[in-house]
Amino acid sequence: MIKYNQTLVVIEQKKPKCLLTITEGQTWQSIGGAYHHLSLIDRNYGDKIQSKSEKGYIHLIQPTPSLITETIPHKTQILFLADISIIILKLNIKPGSIVIESGTGSASLSCSIASAVGHKGRLYTYEFNEDRAKNGEEQLRKLGFPQAECIWRDVYGQGFLKEDHGDHKRFPDAGTVDAVFLDLPQPWLALDHSKKMMKKGGKICCFSPCIEQVQKTCAKLKEDGWFGIETLECLKRNFEARVKQESFIFDDIQKKICLNTKNAKIQTEEGKQVITKNVYYSTGQQSAYGHTGYLTYAVFL
Amino acid sequence: MLIEKDIWVNLEDNRGELRLFKIGQGKKYNWRKHKFELSILIGKPYYTFYKIDHEDKISQVDQSYFSPNDEEQVEEITKTNKEIFDRNESQKLKEDDIYQLKQQEEGEDIIKKLIENSETFEKKTEYSQAKYLKRKKEKYLFCFIVKPTTIENVQKTWYKDNPARINYFREDTLAIFMQFAGINQKANILMFDNSYGMGLAAVAERLDGEGILSLISHGKHTLRDLVPFQSMNFNEEIIKSIQLVESYDQFLESYSHLLICGEFNLKEIFEKVNDKLTNGGVVVVFSSFLEKLGELAELMNKSQKYTQVVLVDTFLRYHQVLLNRTHPRVDMDAYGGYVLQAYKIE
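For the protein sequence lines, the chains are P and E, in the order given.
Taking my numbering, the leading residue of the first sequence gets 1174, the next gets one more, and so forth.
Taking my numbering, the leading residue of the second sequence gets 360, the next gets one more, and so forth.
Take these hints with a grain of salt, some might be off.
What follows is a set of in silico ranges between Cβ atoms, one per label pair, in the way DEER data are often shown [as the list claims (entries may be wrong)]:
| id | chain 1 | residue 1 | chain 2 | residue 2 | range |
| --- | --- | --- | --- | --- | --- |
| 1 | P | Tyr1454 | E | Glu442 | 53 to 61 Å |
| 2 | E | Phe610 | P | Gly1269 | 41 to 49 Å |
| 3 | E | Lys471 | P | Leu1334 | 41 to 49 Å |
| 4 | P | Thr1196 | E | Asn624 | 42 to 50 Å |
| 5 | P | Gly1269 | E | Lys403 | 17 to 25 Å |
| 6 | P | Leu1334 | E | Asp634 | 46 to 54 Å |
| 7 | E | Leu682 | P | Arg1314 | 44 to 52 Å |
Below, simulated DMTMM-like cross-link-like pairs (lysine to aspartate or glutamate); rule was C-alpha separation at most 25 Å, straight line [unchecked claim]:
| id | chain 1 | residue 1 | chain 2 | residue 2 |
| --- | --- | --- | --- | --- |
| 8 | P | Lys1188 | E | Glu657 |
| 9 | P | Lys1176 | E | Glu705 |
| 10 | E | Lys483 | E | Glu497 |
| 11 | E | Lys545 | P | Glu1243 |
| 12 | P | Lys1395 | E | Glu467 |
| 13 | E | Lys403 | E | Asp372 |
| 14 | P | Lys1373 | E | Glu363 |
Which stretches of chain P does chain E cover? Using the computed rule of at least three CB atoms under 8 Å from a CB of chain E, they are [what the hints assert, rightly or not]:
| id | region |
| --- | --- |
| 15 | 1210 to 1219 |
| 16 | 1224 to 1236 |
| 17 | 1249 to 1260 |
| 18 | 1354 to 1366 |
| 19 | 1371 to 1385 |
| 20 | 1405 to 1413 |
No lab work stands behind these hints: they were computed from the structure.
Ideal Cβ placement from N, Cα and C applies to all residues, glycine included.
Work the whole structure out from these sequences, hints included.
Put into structure tokens, the structure is as follows:
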């Protein structure tokens, strides 16, 4: 049931619209009307909730990683579904994994990783911009991921380990990390720091938009004896399922064929018999990302 | 972590071939026309390297033996292939000579002899020489690394060897399927799996034994028959969380996830199971056929009980990254099937 301080996904017009934190005394405004947060309390997830003017309605459901990616506020360019999913699969991130991520960005990938490692695993995510580090921390708390820790740190210079001046945050221990993900302009500068943290057999993934960065990263990986280096890209295309009414005005022979098929309706229009049929078809959507970045993986032995 | 008996492991050889083996005492394995025992692995750590010599004897080797860096080291080209003609006369050793060598000598020595007896090797460009060496090493040396099984390498092994058996469930399609499913540890999952247990393994791993997975079985299979699932070496807890279901009255009251992978009659499943899904629950379907998913999407959109249906396919391409020779790989899998997702609402 919906309670104060929960963060939920608003579904409006059958599509995910944004994240909403249920707060005392607030009202959410949209085209369909106003929604007092008080009126949302104790409703069930997925219930149809009418606006005050009853002109529109919304649904509130619990956030899942793919919904978070679509609705989280963008502080930087974020990673989308196709990249996130292949990162998690190929880094073998599963319940109990210990994962390092840098930089946090908008925390879109962080939420997906935190969800995958579960309550038994840990995610340590590092961000060098102080505002974004604070935002990352806030998002992870709001969305319910206590297993994740967002740390303000410039990893090129300082690496991933705890430094001596008693930071209250949790840090990973050297040699315990299963997977490292780097989304940095110069990932080759963080490879040695990553080596210190990783278990034997741990995997690293570097995301770089430009091929020059990939070449530099691969050269350093090979030089330093990393194993199983591979570079790939992963993109997705959307399809839409539609139904169209196609009408047929036929002569007698074709009428016979048409009448034998299901879903055919016969109407009389201006003295002529018009046969219409529901045609189901799927079509691709025009806009798609042509490129997001290259993903380079390697194993630490 | 050390390798134990009766555990499935993943082996990757110097040609990039993958195999899944269950380590058993005294059992002989067949690979690349060699027959050998793997009991030497028991008690060894993972990520160690081994070679098989011409007498089928297995011995441990170094990482440097496995990963030749020949192709990387070439920096400048000084020659061209202008004077090299394809006349099949370049190698002075005959087929019979090579066969004799294979019986008697180690791979490295055979390669040395082949190069010595090649009239054109010196004339080749540096890139060609590196490629030649790499090819010969892949052919005459047999070595592999032993790794623990993961969803990634189990899927890759099956997909390379027998993709039809796992219903052409490609790695990026499986990845998107899992991301769409968004499984947390409190989930009640109803699953239909036609991918020989590949999809089931990925879902069960993520559920980690903390929810319930009702798997529709066709009556003939048990979990023991699903080889990709067995290869994951799951513990008791995870296996107990899976309940095999044969009829509708064995279903739970309600489910938070409906997952379908493989070819099924989607309309029938939708009609029968639609009510069992809670509000806020998710439906994720993988199929190789867009028409099937299109029909299901239409049913869902009409019922007014689902968010806008998301229907995607994925594009996956690997790249070769070498100095001055970076380009996408020529071998590409052009088609990986489609995935559908929608959330249930009132």
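Hints and how they fare:
Between Tyr1454 of chain P and Glu442 of chain E, the C-beta spacing of about 58 Å keeps the proposed range 53 to 61 Å intact. Range check, Phe610 of chain E to Gly1269 of chain P: about 30 Å between beta-carbon atoms, so the 41 to 49 Å window is missed. As the Cβ distance of Lys471 of chain E to Leu1334 of chain P is approximately 47 Å, the hint placing it in 41 to 49 Å holds. In this structure the supplied range 42 to 50 Å holds for Thr1196 of chain P paired with Asn624 of chain E, their Cβ-Cβ distance being about 46 Å.
Hint check: Gly1269 of chain P to Lys403 of chain E, Cβ distance near 24 Å, so the stated range 17 to 25 Å holds. The beta-carbon spacing between Leu1334 of chain P and Asp634 of chain E, approximately 53 Å, falls within the hinted interval of 46 to 54 Å. Roughly 46 Å separates the CB atoms of Leu682 of chain E and Arg1314 of chain P, a value that falls within the hinted 44 to 52 Å. Distance restraint check for Lys1188 of chain P and Glu657 of chain E: the Cα-Cα separation of roughly 16 Å lies within the 25 Å cut-off, and the hinted pair is therefore satisfied.
Under the criterion of a C-alpha separation no larger than 25 Å, the hint pairing Lys1176 of chain P with Glu705 of chain E is consistent with the structure, at around 19 Å. For the given pair, Lys483 of chain E sits about 19 Å from Glu497 of chain E by alpha-carbon distance, which is consistent with the 25 Å threshold. A hinted pair counts as satisfied when its Cα atoms are at most 25 Å apart, and Lys545 of chain E with Glu1243 of chain P qualifies at roughly 23 Å. Annotation: proposed proximity of Lys1395 of chain P to Glu467 of chain E holds, straight-line Cα distance about 23 Å (limit 25 Å).
As the CA atoms of Lys403 of chain E and Asp372 of chain E are separated by approximately 18 Å, the hinted pair is consistent with the 25 Å bound. For a cut-off of 25 Å, the pair hint linking Lys1373 of chain P to Glu363 of chain E stands: about 18 Å separates their Cα positions. Coverage of the region 1210 to 1219 of chain P by chain E holds [criterion: at least 3 residues with CB-CB distance below 8 Å; count 3]. Only residues whose beta carbon comes within less than 8 Å of a beta carbon in chain E count, and the region 1224 to 1236 of chain P has 3; three or more means the coverage holds.
For a cut-off of 8 Å, the count of residues in the region 1249 to 1260 of chain P with a CB near a CB of chain E stands at 5, and the three-residue condition holds. Taking a C-beta to C-beta cut-off of 8 Å, the region 1354 to 1366 of chain P contributes 0 residues in contact with chain E, too few for the three needed, and the coverage statement is violated. Coverage of the region 1371 to 1385 of chain P by chain E holds. Counting CB-CB distances below 8 Å, 3 residues qualify, and the rule asks for three or more. With 9 residues bearing a CB less than 8 Å from a CB of chain E, the region 1405 to 1413 of chain P meets the requirement of three and the coverage assertion stands.
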